[in-house]
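Each chain is listed here by its residues.
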Amino acid sequence: MTTNTPPAPPPPTNDAAARNNTFRSLQRLYPYAKPALPRIYLGMVAALLAGFVALAIPQVLAWLVDGPLRTAGNGDSASQIWPAVWVVLGLGVLEAIMIALRRWFVLIPGTHIEARMRNHLYARLQDLPVSFHDRWPSGQLLSRAVSDLNLIRRWVSFGLVLLVVNFLTIVAGVAILLWMNWLLGVIFVVCSIPIWIYGYVFEEKYSVIARRSQDQAGDLATAVEESVHGIRVLKAFGRGSFALKNFASQAESLRGTEIEKARAIAGIWLWLLLVPDVAFALCLMVGVWLTSQGDLSGGELLAFFATATVLRFPVESIGFLLSMTFDARTATDRFFDILDTPNEITDPADPATLAAPLGRLAFNNVHFRYPDSPERFPDLLNGIDLVLEPGETMALVGLTGSGKSTLTALTTRLYDVTAGAVTLDGVDVRALSREELRSHLAMAFEDATLFSASVRDNVLLGRAEFAGSSPAADAVLAQALQIAQAGFVNDLPLGVDTLVGEEGMSLSGGQRQRLALARAVAARPSVLILDDPLSALDVNTESLVENALREVLVDTTALIVAHRPSTVMLADRVALLEDGRITAVGTHSELLRTSPHYTFVISSLEDEERRESNRAEEAL
Amino acid sequence: MSVTANSSVNGVEGEERHDFTKAESKQIRARSLRLLGSLLLPVRGKVVLAMLLVLVSTAAQVAGPALIAFGIDRGLPALLQQDWMPLATTGGIYLVAGVLGALLIAWYTVLSARVSQAVLIDLRKRVFLHTQKLSLEFHESYTSGRIISRQTSDLDAIRELLDSGINQLVQGVLYMSFTAIALVLFDGTSGLVLFGALLPLVILTRWFQMRSQRLFRQSRVASASLIVRFVETMTGIRAVKAFRTEKHNESVFGKLVENYRQVNARVIQLFGVFDPGLVLIGNVTVAAVLLVGGFRVADGQLAIGALLATLLYTRRFFDPMEEMAMFYNSYQSAAAALEKISGVLEERPGVPDPVAPVDLWEARGRVCFDNVQFAYQADREILPHFDLDIPAGQTIALVGSTGAGKSTLAKLMSRFYDPTDGRVRLDDVDLRDLHPKDLRRAIVMVTQEAYLFSGSVAENIALGKPDASAHEIRAAAAAVGAHEFIDSLPNGYDTDVNKRGGRVSAGQRQLISFARAFLANPAVLILDEATSSLDIPSERLVQEALQTLLADRTAVIIAHRLSTVAIADRVLVMEHGRIVEDGTPNELISGTGRFATMHAAWRDSLV
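Keeping their order, the protein sequence lines are chains A and B. So in the numbering used here, spot 496 of the first sequence is number 665, and the numbers just go up one at a time. So in the numbering used here, spot 98 of the second sequence is number 1144, and the numbers just go up one at a time.
Extracted from the complex, chain A is given alone in its bound form (with noise of 0.2 Å):
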């Protein structure tokens, strides 16, 4: 099974793009960093002077190499010695003192950037509309998440802060370097420029890998969840090995992507270890034959040295530095991925409201089709037009896949129509803000879906203003399960404060069923939209629910997808769905009478069957 990747940016194809983008990426990380960025900056400042602090040292020794130690064997040399440790001490503890203070300043912040960032795409997920999941493996959602956001925060506090201050350290350091000795120094530096030369190449070449290896693990994720949750089928079929190999071949390109990226790396380290200890070489040669020459002291030699030593360090880590910016880029750019994904079912900028709907549903020439649906296909709604009167049970029946699920999803703006109105009380819901469509709306889905919670919390879930048990909400609450015949959680370990969904109790799919279906009850909606809502049940069950569900559907106005005739019963008028429209409405026996592809759908006699059963009927 291939996985489908979502649709992601095109990589960086030319080198400039590539530049630019991973400058312009990492800067929309602005507004999230906004509240921190006083206390990274201080960070960078205790950091530089911690760097500049290594750097005074080998000053201190030049000094006392030149000075007391250059007349050794006088006796006050010795007395001399003191005074310069005690200022290489301070300054020691100088450098780990601001190395504290850089942490104290910058890491903290890092972790509130990371947590508003991860609460924000959450809160972006849930906004953004169902179209957005379908496309979207959630695989690829929670490595976002999780993994992505872990590395932007590692890089705010730690990789941004040290790119800074180690370059701003080598430069100060080299400054030093030309400084003590113009040649020494440009020896030093025209060293260095395969190192950025290299860095360049290294840019382009890596982002793209990095890019390519998040998604790919991603899609192993996604393989991951399919092959669990799936577990089921794979088992019913002996397809566990089949399944693996498939695992097998995805998890192979992502290690191809991985040594990929290992050879980036290596070839930066490469350039990072070999630079300094050429430069080191040559300076060694041409420094002690300038100490022959008197050009030098032999203080400033040792001082150039340890210099060029502190140096070490801020140029190797450059390397890794890099790799860590062009990760958080890429994790960035995943970031926006999502963030920039249109959100194409909003509120209105000036919601209307409904203060006490009397549940009139209507559909005005609705046309809807998937947005990925070929042209050669006509609208999968193709203009509906049905009317519910406040009060009135509606059954929906079509054949499977005629847009049945579709119809009810447009209700309560999971997916919004492409051309026409539904309207509900006469106001477009599409004018309505989606809170509170959705507070007169109570959908029972025919995929029922728990939460991990207790029994209560799954049922009581359209109730924010039940939360926690009160006499008001125990009363809700066993309506509902009441009216579901959901009374097997009383035999549940703690009844219904039992966890389900998926970290508790499985439940069989009957069992799921009634209690989404009790969710929708005690939603108390104006309108209620049960898709299919019986299918798992057994006979008995259902019609006792059924039973139970005529005394709610009185005062509320109901549309419910049918399959079978029991369901119907429940209406008290039929749509008939086909081809895109509603091509009759009727009661349930007016329409067995008129329309043949009603009987079709709805009958499951044979038709000699059915004519007696007719006769029977008419004879009464």
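Note that these hints are calculated values from the structure, not bench results. Wrong hints could be hidden among the right ones.
[As the list claims (entries may be wrong)] The list that follows gives simulated cross-link-like pairs (lysine-lysine, DSS-like), each with its CA atoms no further than 27 Å apart:
| no. | chain 1 | residue 1 | chain 2 | residue 2 |
| --- | --- | --- | --- | --- |
| 1 | B | Lys1171 | B | Lys1483 |
| 2 | B | Lys1171 | A | Lys414 |
| 3 | B | Lys1511 | A | Lys414 |
| 4 | B | Lys1171 | B | Lys1092 |
| 5 | A | Lys414 | B | Lys1179 |
| 6 | B | Lys1092 | A | Lys414 |
| 7 | B | Lys1301 | A | Lys203 |
| 8 | A | Lys203 | B | Lys1293 |
| 9 | B | Lys1483 | A | Lys414 |
| 10 | A | Lys430 | B | Lys1092 |
| 11 | B | Lys1171 | A | Lys430 |
| 12 | B | Lys1511 | B | Lys1483 |
| 13 | A | Lys430 | A | Lys414 |
Position chain B relative to chain A; hints supplied.
Structure of chain B alone, referenced to chain A:
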């Protein structure tokens, strides 16, 4: 997994606990190490080579300060005598050592990536295959969220360790020991000073280890609950939207994020003490070496170049410490992850493969239950002892109310579970003695939950027979009446079904999974509520297809709708785990038992 009084740490038991006894910790550590050992065994050659590379390259790097000292102390006086040789030799050796060191490190970087990727892919496959082998019972009680996080975030932790951690450790340890050795060889007195610094270093590191260990465990738990919440929201996004729980979710998720942040912040604070502490010890040591060395230079006992070298060595000795601390960071998470993964790998499949499988090339399809009993736990008997003989070719309708034990019987028959007592036989062979390949070829179960994998419709159908041709796939789809809707999809059979089959309706998913079973062509077919979401015309088509399909094979059909009875040779009625009625449809319908009542009620509901 709940923690009971006499809990153990075998397999995944006690996974969420923190209060291990000494013996338990030892058991877990031993298990992790065994796993690690078995992972490293196949790549031992590469590991040895990598160690060699890093050994030589580190030695080359460490030579630097000594060469500088040599250049100053020997090269300079010689040069004053117009003798270039010592300086040129030193410079040349330095150059060669530098180039060699850098090249070897680059080689090592690629090689170690190969090693770590080889280990990772091995581990990924092992965990994947093992979880596929574990019984359904394990999956249901351990929950999919945990299995997923074992294979994603825990494996990530190990990847991080292998990617950078090991490099840091090996290079760091070698670097430090070589530097220490070089320092001692160079100047014993300065070496003594350095060894004096080891005591505070060890104390600081121990303190850090003790404090961080618990925090790292906490951090893993915090991130796991974050992941579970996240995945659940995204999978249930429709319900989230329909019931307006976004705000509530945000506050719950926000709390989890904050909790994770706080744990992370505590880890970071710990580093905030540890890291400057290391620098402090290092700098104080440098000052001490300077003090001792300075006086000896003043006394003429030490050359200036040698003083420089001792100072450089001392400073460089502490350089890798921070990276080593980082290594400890990734090591802790990876160790915790490895503990959990090794636990999952230690779980024995509840439904084990036979040691010596009996050959069953072409099953005829007779299924017998001999004195079978099934209970999830000793006190929760689902099916009391019973016998049942299903002759080859018979089609059975299994009816009864929810919770009567129908699905359990089906799961025993397809060996998703093994009976607690008695045995299930296919053609006189105990299911437990059949090779999984033979078993799955002979017996296929289709469940109500028709799961689609991402990929095309054709690929999903081909799951029933991976080597099926496009023609066979179409034929299977046509046979169950799925061809028409598939053909009308945007790209026909090549249409991607998307995440969880989002755009394919429940009924269509059931048709696809039906086509799968049709393609698999087993001797015994079990349908557990496999038609519940179908509309009536589709169901009719499926019934017709079944009539042909089931003509010469054994079938057990569980359905709430009694329409299936029409194609059944025999009806079994179950109640509270027992088979209470058994007969041909006509016998039972004309009788006065439960089935007669059920059937009459069902007839009334039809039109």
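Each hint, compared with the structure:
no.	hint	in the structure
1	B:Lys1171 to B:Lys1483	19 Å, holds
2	B:Lys1171 to A:Lys414	9 Å, holds
3	B:Lys1511 to A:Lys414	15 Å, holds
4	B:Lys1171 to B:Lys1092	20 Å, holds
5	A:Lys414 to B:Lys1179	15 Å, holds
6	B:Lys1092 to A:Lys414	26 Å, holds
7	B:Lys1301 to A:Lys203	22 Å, holds
8	A:Lys203 to B:Lys1293	25 Å, holds
9	B:Lys1483 to A:Lys414	16 Å, holds
10	A:Lys430 to B:Lys1092	19 Å, holds
11	B:Lys1171 to A:Lys430	22 Å, holds
12	B:Lys1511 to B:Lys1483	12 Å, holds
13	A:Lys430 to A:Lys414	24 Å, holds
The earlier numbered hints are all upheld by this structure, with none contradicted.
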